[in-house]
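Student: Given next are the chains, with one letter for each unit.
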Amino acid sequence: MKIDSAARYQASHEFARKDGTVFVIGISDHAQEALGDIVFVELPEVGKTFAKGQSFGVVESVKAASDLYMPISGTVTAVNDALGGDPALVNRDCYGLGWIAKVEATKAGEFEGLLDAAAYEKEAGKD
Amino acid sequence: MAPFAGYDMPISYPTGAVEEHNICRRGVGLFDIDHMGQLIVSGPDADAFVSHTVSGAVLDMKDGDARYSLLLDDKGLVLDDLFVYRLPGRWWIVVNASNLETDVEWFTLRAREWKGTVKVEDVSEATYMIAVQGPRALELLDLMGTPKASSCPRFTSGEIVIQGTKNLFGRTGYTGEDGGELFFPAQDALGLWEGFIKAGETHGIEVKAIGLAARDSLRFEAGMPLHGHEISPSINALEAGFKWACDFSKPDFVGKKALEAIAAAGVSRKLVGIEITGGVPREGYDVVSPSGEKIGTCVAGMFCPTTKKYAANAFVEPQFARPGTEVAVMAHGKPKSGVVVKRPLYLPAYRR
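In order, the protein sequences belong to chains A and B. When we follow my numbering, the leftmost residue of the first sequence carries the number 2, and every step to the right adds one. When we follow my numbering, the leftmost residue of the second sequence carries the number 827, and every step to the right adds one.
Only true hints are included.
To be clear about the criterion: a stretch of chain B counts as covered by chain A if any three or more of its residues have a C-beta under 8 Å from a C-beta of chain A, and this derived list gives those stretches:
# : stretch
1 : 835 to 843
2 : 1097 to 1106
3 : 1128 to 1139
These aren't lab readings, by the way, just hints derived from the structure by calculation. Even glycine gets a Cβ: it sits at the ideal position worked out from N, Cα and C.
Build out the structure end to end from the sequences listed, making use of the hints.
Tutor: This is how it looks when you write it as structure tokens:
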């Protein structure tokens, strides 16, 4: 499993990574591998506000549909429209081109409360 | 891996489900389908018995012919779908894994009424089954087998020797591609499987093992039913669109009377294909009219790797069954707009 050491994670396998004034949100390498081929990503609306832990979208793989849970409270400032034409970007490059949304945090302190790379690696190993 | 009818079956191999699907559409897909069951029906009255027991015409078949048929109950409900092969002096019937026991019981019970003139044997344990499917499947089979598989016309069978193993080869399949299905003694399975992979490497033909997920998407695009989805003991042959697999000119077959009554009254629902945008339709999702009222249910649905559409098979009220009808599928509580489309979504090789 690949881990982005700059990102922080929650146990449901979403990550947040600081990118200037916003946070990039996506799913971990462990998650994309467990899901298998991703064939559709339901993206949130730009401008919508989500609380930490709230469902903000759906990742659909060949096997199943999985809800996405916001790792950090905030307002969506951008979504990755490239996933519309090529959802498998999440499989190929989950921390890079396969990002899902960008969020302006309303409680930036929540970031520190997420699992760091080492703690997430341990958590994901339990699956 | 997933448990399936008592077997541990791979959902996908490391290749991945979508790529496996694509390989079968451009090269060769290998399918380890030993879970399928095989029966032999023989005896002086075997012809009349098979003709009475399955839905389709069989008495016009010549030795070697292979034909799709249904196993119905007295209500016209679909117990299983089958491939019926006529071989010299016997019938070779291929059934679904999950129905093997039921089917064997069904055939055996009915055979008893024929007072010893019909014999039914379950030879599934001793028989291995591999499918070799794809636009280059016959090329691969021709390189390995004698006589050439390609000399066997579509929907016929013949004996082919591969690596010293005698196979019953049927030019049939469940993917919409050309190729065939092989039946041979179980002890030769690993050798043949590895032989196909190796021959592919030697001759520059892309050959890969295909898991259950891609087997499902391949058959789905090609319009072939999967037991428990498009057909089941709670679905009758006519609403599932299988009039073509029922020979109403036969004096009788199990389910014929019931189907004639259903045909006269009109079906209450029809199997249709639906393409949607903005989500993946899945089994169990409701189909609704543009005004939001429930008109049916999806029995299968997925992303189709070849047509690149999100599509479902669904049973809907007949007035919504015409291709072009606007409908919606409820996914995660939201209506996703869709349209009824003609099936199959992908024209099988044998119809091209």
